[in-house]
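Keeping their order, the protein sequence lines are chains A and B.
According to our numbering, the first sequence is numbered sequentially starting from 3.
According to our numbering, the second sequence is numbered sequentially starting from 18.
Simulated from the structure, these hints should not be mistaken for laboratory data.
The hints are all genuine.
The list that follows gives simulated cross-link-like pairs (lysine-lysine, DSSO-like), each with its CA atoms no further than 27 Å apart: (1) A:78 x B:218; (2) B:224 x B:162; (3) B:224 x A:78; (4) B:224 x B:168; (5) A:60 x B:218; (6) B:218 x A:70; (7) A:69 x B:73; (8) B:441 x B:224; (9) A:69 x B:441; (10) B:224 x B:26; (11) B:441 x A:78; (12) A:69 x B:221; (13) B:221 x A:70.
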Amino acid sequence: MDVSKDLIAASATPLILAILRQQDSYGYEIIKHIKEVSNDELIWTEGMLYPVLHRLEKNGLVESYWKKSQAGRRRKYYRLQEAGQLELERHMEQWELLFSILSTTIKGDGERRAIFDV
Amino acid sequence: MFDLETNVKSWCDYLRAQGTLEEAGVLELESHLRDQIDDLTASGLSVEEAFIVGVKRLGSVSLISKEYSKVNTDGLWKNLLLDPADPDAKNRNRRNIVLVILLSFLAGTAAKIPTAFGVEIGSIAYFKNLSFYILPFVTLFLTLKHGGTPKSRWTLAGVFAFSFAVVNLYPSYEPWHTETLTAIHLPILLWLITGVAYMGKDWKASKARMDFLRFTGESVIYGSLLMLGLMVLMMFTMMIFQSISIDMEPFVENYFLIFGGCAVAMLTVYLVEAKKSIVENFAPVLAKIFSPLFLITMLAFLVAMVVSGTSPFTEREFLIGFDLMLVLVLGMVLYTISAKNLHDKQDIFDYLNVALVGVAMIVDNVALSAIVFRLSEYGITPNKLAALGENVLLLLNLGVLFVYYIRYFTGKIEFQQIVTWQTKYLNVYALWMAIVVFVFPLVFSFN
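Produce the complete structure using the sequences and hints provided.
Here it is in structure tokens:
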């Protein structure tokens, strides 16, 4: 499924924050993670991810640190900050609101649903 | 054959040269690219294919990186300096050049200041301060480019100020031995300090230090080339003006050489810094060409010495000459090491290196015994003690390198351990230089 560009852009921040809430991670792993949990439906590009990560870091929602892998490769890890946690909750509320509006509108209006089914 | 390391590095240099990404961003993308390549090769792609695919995917990060896949690596050098791809980089390049010109001018002015205090160009007092005319500006340039923290900048400034104060507050009496020693050792010490500015916050890491050693070697070579150019220009300037009976010598001596020399130093740092780890690293190539030749020369020397039965080092000048040669040999060994890919198999140059180290050790032993002989014969002087200290340090360095190399050949240690040890040993050199500069004058009562 092709998720629209607008939707990908809008969902990037909450998804990144949610992944970092589970555990600290780095760019390559985040892209892989998204690919896996979406069964290859959602493919993020590096060009989308890194600017968002850097913006989040600049705004203090996440912080970064360097860590060496076992093979000796230095990676830039990102860690969720207090502010990021709050931001994530705010996003969740907004998404829930939107989702409930969308679903009740679809269910509650039979005539409109016919249009949706087409 | 496709060399992954070289290609990854040149890709990183390309990103750096465009100047829109900070160093940390480049490193982040580098590790990303490497992860990607690992995964792609694991799924059956060849390394070259994986590299191409990886670079293409990262192309989306910025237009710059996308441009890379279009640009041929051959033109990279040209790309760095002459025609960067986008207007942003063009501006940045221009800014850097303006900065280099400005700093060269400041350095040249600094080099003129002592003359206002009656210090003649060419005197020991002038040479003693040589590093202060140039290195603070090099350091400034490097911290500006590498974005050091304010704290690190102040620390570096403090070290320079402290050295400057101590060196110039110390008195100096005939026969000016300790002052001459300071003039020789201070630039080396301060160059190592400048290295801290080059390496930034990673200055303790062996990778950064190896980079700095490479940077030093490249600077020597590019600096010599630029200096050669300056000399040619100077000669022609004097000649053509002489033909119309205008004597340019005072101008050349007082301004041309000083400002030109400072500009050469700044420009060298700028050029070498801009191309950092690029494919065209020249110092290791030179080292590979000359290390066998030096090996032969030293062997021939040892043989001739034994056959003719002549003892060397009756004159101090020879002694210093030998020291310099050992430093050069050590330098060549280091550059060969630095050019080596950590995961490469041992090759002919490793064996050559170990032979070179072994022979250099023998020569150093001869030098050491000569110094000890001179010490016991004529008593301690600052010069001999400094030479002795340097020889002991060199011998220790060569000895440990020798042992580590043997252990590496027998598979007992990784090559990385040699690098780690060698880069840590730089501390010892810095310490000794500091002792000669700051402690020797006190001990020998400024004679």
